[in-house]
Amino acid sequence: MAVHTRVRTAFTTVAAVVIVGVLLFPLYWMVNASLQPATGLLETPPRWFPVGGTLEGYREAFQSQGRPLVNSVVVAAGTVALTLVLSVPASYALSRFRVRGAGALMFALLLVQMVPGIVMANSLYAVMNQTGLLSTYAALILADSTVAVPFAVLILRAFMVTIPDELGEAAMVDGAGHARVLWSVVIPVSRNAMITAALFAFLFAWADFLFAVTLNSDDAVMPVTVGIYRFIGAHTADWNSVMATGVIASVPAAILLVVAQRYVAAGVTGGALKD
Amino acid sequence: MAARIGFLAPIVAYLVLFFGYPLAANFTMALREYTAASFYTGDAPFVGLANYAAVMGDPVFTTALTNTAVFTAASLFFQFGIGLALAVFFQRHFPLNGVLRSLLLIPWLLPLVVSGTVWRWIFDQEYGVLNQTLLALGVVDTAVPWLSSTAMALPSVTAANIWVGIPFNMVILYGGLQSIPAHLYEAAALDGAGRWQRFRHVTWPLLRPVSAVVLMLGLVYTLKVFDVIMVLTQGGPANATQTLTTWSYSLSFGELDFGLGAAVGNLLIVIALLFAVLYLRGLRSSGPAPARERR
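The listed protein sequences derive, respectively, from chains A and B. Here this note's numbering is used: position 74 in the first sequence is 74, and no number is missing along the way. Here this note's numbering is used: position 20 in the second sequence is 1020, and no number is missing along the way.
Think of the hints as simulated: they come from the structure by calculation, not from any bench. Do not rely on the hints blindly, as some may be mistaken.
Stated by the list, open to error - According to the in silico footprint, chain A covers these stretches of chain B (three or more CB under 8 Å from chain A):
1) 1012-1024
2) 1104-1111
3) 1147-1156
4) 1219-1229
5) 1252-1260
Every residue gets a Cβ at the ideal spot worked out from N, C-alpha and C, and that includes glycine.
Using the sequences and the hints, build the whole thing.
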């Protein structure tokens, strides 16, 4: 009986590995192509394995996409900072104070996540044009934050309501104000929720293509997503460097998954909202 | 009281500035005629509902609306179906379950531009692995123009989008399945229910609230898909993959007629709101159902 069960679970694992393999094949195919010489990709049958591979594609990718990668880091980091600054105090207030309109505010935060990105791009273009912010980091950071802030408030508030009131009240008895309680009691306790919110803000901004391609008319602060897009348009033959850029652009996501897996899973299910 | 205002004022101001004002601007932009020069001269004459009339009278409107409906319905159906099947499968206990499940998340975390680019390479007519494999196996005689034929482009783009959405559906549905109490399955098994009957009479009804959330979020997300289509086909060939989102983009940022683009965008909002209302009403009427069954 025990042996029978073990054989069965082993068989299930094999089946699961096959399923995951099939679903992740496109990613393997990206990595494989990124390691081939450009000419090796134009062969029939295709080269299934990067045997005798080359880093040629990566060299070219870093050469042409170095600047866009830096731009992406700046925009993503800026979005994380702005998102936390805006959402942490708001979440604290929404989880602690009984204020009129709090329900309406929460509803607004849910509702704005349904606004199609293209509508935001359309109107933010007019706004950024009026304020002279087109094609600046600020434009992209502000636009990307519209995706990250509502999500962050919902996640952070959901966590902060679970913090017992007594924790803050004890500090208040000692004369601390709300700002003090937030800073030295609530924020340290909410570390995980804040990491989750920050991770997602980073990923949203890093992956953004719509705002980057619309609010950036002369590509002055072109991030890597637009870099890849222009790259495919210009060099359809150099699939190895296109794929190498794709692999490089995927690194933050991969790192986040390895380093912060449980936070990512918490974000997916807890917030359950992705743009 | 001052402290409370201090904490909430920034977020309220932010919502007004970055959602309220742009949405209002979008509404008024749709009532004006923009040209390439409008943003320099500030000259965009008021034209009333002419933009809406122009948009709805355009034959591309019907195409884009149909494409949006087909793309969304097919994406939701397959993402949900495959996601649910995977979620049920991963409920079994076996070694490496957790690792494999988190690996499945990767496609969801990648920038959509990257996923789109990978699929563009896979769908490449001459050197793409899909055609090369199908030709080698003799499934097709000539290379299929996955992205360049008007008949195949929409199914191909939809397939890529389904791939992107499977992990999200799987993770949420898996969470929903985990929260169904095990004793219900045991009770059903004692009553002689088979695997299918347990799914049909325990899993499916109890998963309904979660399913509704997944489908609703999937709908909102699919309506605004932009990156995948832009990278794969840019709405072409001959508008074969043009959706309301990509059309709005090309009207505003391609033809620089922001009035038309805003009008299409506003129609998109109306569609999203329509489904949101349906969803909320559905929630209200079906809300108590799972609780009743649990009792």
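Here is what the structure says about each hint:
1. Chain A is given as covering the stretch 1012-1024 of chain B, and this holds because 8 residues of the stretch bring a CB closer than 8 Å to a CB of that chain, at least three being needed.
2. Given as covered by chain A, the stretch 1104-1111 of chain B passes the check, having 8 residues with a CB less than 8 Å from a CB of that chain where 3 are the minimum.
3. Check on the stretch 1147-1156 of chain B: 0 of its residues sit with their Cβ under 8 Å from a Cβ of chain A, so the three-residue criterion for coverage is violated.
4. With 6 residues carrying a beta carbon less than 8 Å from a beta carbon of chain A, the stretch 1219-1229 of chain B meets the three-residue requirement, and the given coverage holds.
5. Coverage of the stretch 1252-1260 of chain B by chain A holds. Counting CB-CB distances below 8 Å, 3 residues qualify, and the rule asks for three or more.
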